[in-house]
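Enquirer: Spelled out from the first residue to the last, the chains are:
2 protein chains.
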Amino acid sequence: MTTTVERQPRNGVDTPTLFATLDAVKGSPDLAKFQFRATNRWISGTHNRSTIRGFFGAGQEDTSRTADFTYDADHPAVLVGTGNGPTPVEFVLHALAACLTSGLANIAAARGVTLHSVESTVEGDIDLLGILGLSDQVRNGYQGIRVSFKISGDAPDDVLRGLIEQSRRRSAVYDVVTNGVPVEITVDTH
Amino acid sequence: MTTTVERQPRNGVDTPTLFATLDAVKGSPDLAKFQFRATNRWISGTHNRSTIRGFFGAGQEDTSRTADFTYDADHPAVLVGTGNGPTPVEFVLHALAACLTSGLANIAAARGVTLHSVESTVEGDIDLLGILGLSDQVRNGYQGIRVSFKISGDAPDDVLRGLIEQSRRRSAVYDVVTNGVPVEITVDTH
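As they're listed, the protein sequences go chains X and E.
Okay, so the first sequence: first residue is 1 according to our numbering, each after it adds one.
Okay, so the second sequence: first residue is 1 according to our numbering, each after it adds one.
Any given hint could turn out to be false.
Chain copies aren't distinguished; within one or between two, either way the pair holds.
Unchecked claim - In silico lysine to aspartate or glutamate, DMTMM-like type, Cα no more than 20 Å apart, as pairs:
id	residue 1	residue 2
1	K150	D188
2	K150	E165
3	K150	D72
4	K33	D62
Since the hints were derived computationally from the structure, they do not count as laboratory data.
Extracted from the complex, chain X is given alone in its bound form:
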């Protein structure tokens, strides 16, 4: 498969800067080491709030974000919560759709494809017998996730499908969600 490398801004992507960034990282691979962070504070019951702001990357602490992003999570009433936010598992679906879509726009720009619209729906099936401790045969998390894309752009069907396939191949969240990541938990009591 051959792809055409375009250097024009497209789809709201600053394609020249995208390629310049790739060249910079090729020359200094340590620029690619990032650390992302979130802090969370319990409010009441299943309601809690995360703050996202600082991260390290490209050799330094970020200073571009001038305000916190804050997100509430909660359980709905049917799960004995107060519904002050989506459930944590729903944020995973958002993260997956967002990552695939962000990558797609970059890849389309790099391949010279103008996108008209991209929409996706993500569904995750979960059997709460696991987290409720009512069955050892049922996992805690989603049993399966389906992502359905609708994409429109100035390229043939196979090229548009190829954009999504390449985005899947290079998606950080898709990798995390399909392959898993080691998680270490430490506790300080006081």
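For chain X, the structure is supplied; the task is to place chain E on it using the hints.
Expert: What follows is chain E alone, placed relative to chain X:
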């Protein structure tokens, strides 16, 4: 290890309803089958927006949510985005902290522990040589995630630590993030 089962509301958790829900699901296990959803729409470049509202569970479509939850995601300028939201991978950290904390409050209530405060910080290390396609030796997603809890409550150190350990054992997002989930992607072009 023995735990005391309390039936008093505590920590903002309606403990009697929590146990009644467990009993109801024991009697009708199909009530535990849930489907969560998110829809996402591309805006421009790496900026896109998810909407979270409907879900199926406890045998029916939810009607308790009277408005959409909407969340923007984007890449920061250093990653050639416009910074209109956190990156998708940061939402994964939020989801993980939120899930562990929601479960913790329920477990504390069930064990008769009054919580004073719960805070957590989540850090994820990622080497973008993977998603940038600059190394086949580097994965796309996080290489590791660390969660640091600070917890205060009216119980001894080992009991407080036990709450977090039990929350980890029963966390949907922890399971997804550590063990992975099959993801199916379908595409409709037009």
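Enquirer: Each hint needs a verdict: does it hold in this structure or not?
Expert: Verification of the supplied hints:
| no. | hint | verdict |
| --- | --- | --- |
| 1 | K150 - D188 | between (46 Å within a copy, 5 Å between copies) |
| 2 | K150 - E165 | within (13 Å within a copy, 41 Å between copies) |
| 3 | K150 - D72 | between (29 Å within a copy, 19 Å between copies) |
| 4 | K33 - D62 | within (13 Å within a copy, 42 Å between copies) |
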